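Q: As you go down the protein sequences, you meet chains A and B in turn. Quick note on our numbering: the first sequence kicks off at 1 and runs consecutively. Quick note on our numbering: the second sequence kicks off at 190 and runs consecutively.
I should point out that these hints are in silico values taken from the structure, not numbers from a laboratory. Hints may contain errors.
What the hints assert, rightly or not - To give an idea of the chain B side of the interface with chain A (calculated C-beta under 7 Å), a few residues:
| # | residue |
| --- | --- |
| 1 | D192 |
| 2 | D195 |
| 3 | L196 |
| 4 | A205 |
| 5 | V208 |
| 6 | D209 |
| 7 | A217 |
| 8 | S218 |
| 9 | R221 |
| 10 | R224 |
| 11 | R228 |
| 12 | V232 |
It should be emphasised that the depicted structure is a prediction, and the values quoted were computed from it without experimental measurement. Backbone N, C-alpha and C fix where the C-beta goes; we use that ideal spot for every residue, glycine too.
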Amino acid sequence: MPGVESEAAWVTGLRRGEPAAFDAVFAAYRKRVYGYLVRMTRRRDVAEDLLQETFIRLAQHGKKLADDTRLGAWLFTVAHRLVISWARAQQVRVQLAGDLPAESISPDRSPHDALADSQAQSALERAFAALPPAYREVALLVGIEGMQPAEVADILGLRADAVRQRLARARAQLAAALGEHAPAAWRTA
Amino acid sequence: MTDENDLKEISRELPALDVDPEAAARIASAARRGRPLWRVIEVVAVALLAAGILVWAAIKVLEALR
Numbered sequence: 001m002p003g004v005e006s007e008a009a010w011v012t013g014l015r016r017g018e019p020a021a022f023d024a025v026f027a028a029y030r031k032r033v034y035g036y037l038v039r040m041t042r043r044r045d046v047a048e049d050l051l052q053e054t055f056i057r058l059a060q061h062g063k064k065l066a067d068d069t070r071l072g073a074w075l076f077t078v079a080h081r082l083v084i085s086w087a088r089a090q091q092v093r094v095q096l097a098g099d100l101p102a103e104s105i106s107p108d109r110s111p112h113d114a115l116a117d118s119q120a121q122s123a124l125e126r127a128f129a130a131l132p133p134a135y136r137e138v139a140l141l142v143g144i145e146g147m148q149p150a151e152v153a154d155i156l157g158l159r160a161d162a163v164r165q166r167l168a169r170a171r172a173q174l175a176a177a178l179g180e181h182a183p184a185a186w187r188t189a
Numbered sequence: 190m191t192d193e194n195d196l197k198e199i200s201r202e203l204p205a206l207d208v209d210p211e212a213a214a215r216i217a218s219a220a221r222r223g224r225p226l227w228r229v230i231e232v233v234a235v236a237l238l239a240a241g242i243l244v245w246a247a248i249k250v251l252e253a254l255r
């Protein structure tokens with residue numbers, strides 16, 4: 001993860017409209033934001049579109065960023081809002097399309113199965129994919145991104161205790177879904 | 190804290206996902222260029238249409254109330 005100094009330098013560069021700063025931020029955050037988007041939308045094509053839109057917004061708003069902007073939180077806030085808009089549009093599309101087969105609306109197959117190089121990894125991807133989106137989002141931001149509940153609360157527009165509650169439920173559902181693939185400590189807890 | 194630590198620990202097992210280099214270059218270049226003009230025109234057109242419908246509806250309601 002980028003250090004505080006590089007973040008500050010990038011924010012300064014973005015405020016000056018320097019392409020190098022934009023490229024550095026894109027290189028540093030592309031994988032992280034894309035991973036979040038794939039796991040939230042479960043579609044790589046949609047994740048690519050939303051990744052592009054996230055960085056279009058960074059390019060548009062770069063000059064207006066505050067000096068103390070935390071780029072990770074800023075980017076994930078934008079990505080979170082884009083996921084919500086996409087999910088709403090998806091719901092409308094599904095309603096307009098009538099009774100489509102469930103698989104074409106929300107595939108339970110994880111797009112990461114092909115990437116998961118072990119049975120345990122594949123089980124973990126499926127367990128994350130099976131979490132309700134509200135719990136999955138919190139689990140991804142805390143688990144993968146290493147964010148604090150207070151920071152996640154800011155991104156999602158929730159209270160920190162609501163984030164902790166979702167976290168506890170996500171962990172419980174993951175433990176139940178993973179069964180024998182859950183870490184030993186989880187099973188004995 | 191336990192839930193946080195447990196999730197961090199297990200999340201380490203998840204593979205990192207990334208777009209392929211070609212797509213990454215395309216996305217970065219598109220983002221640098223900004224929103225295409227047609228998207229801007231589309232947003233403005235939809236906003237104008239929505240505003241027009243609202244004004245029309247308001248006029249109709251006022252007419253009905255008279």
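Q: I'd like to know which numbered hints this structure contradicts. Please list them from smallest to largest.
A: 6, 8, 11 and 12
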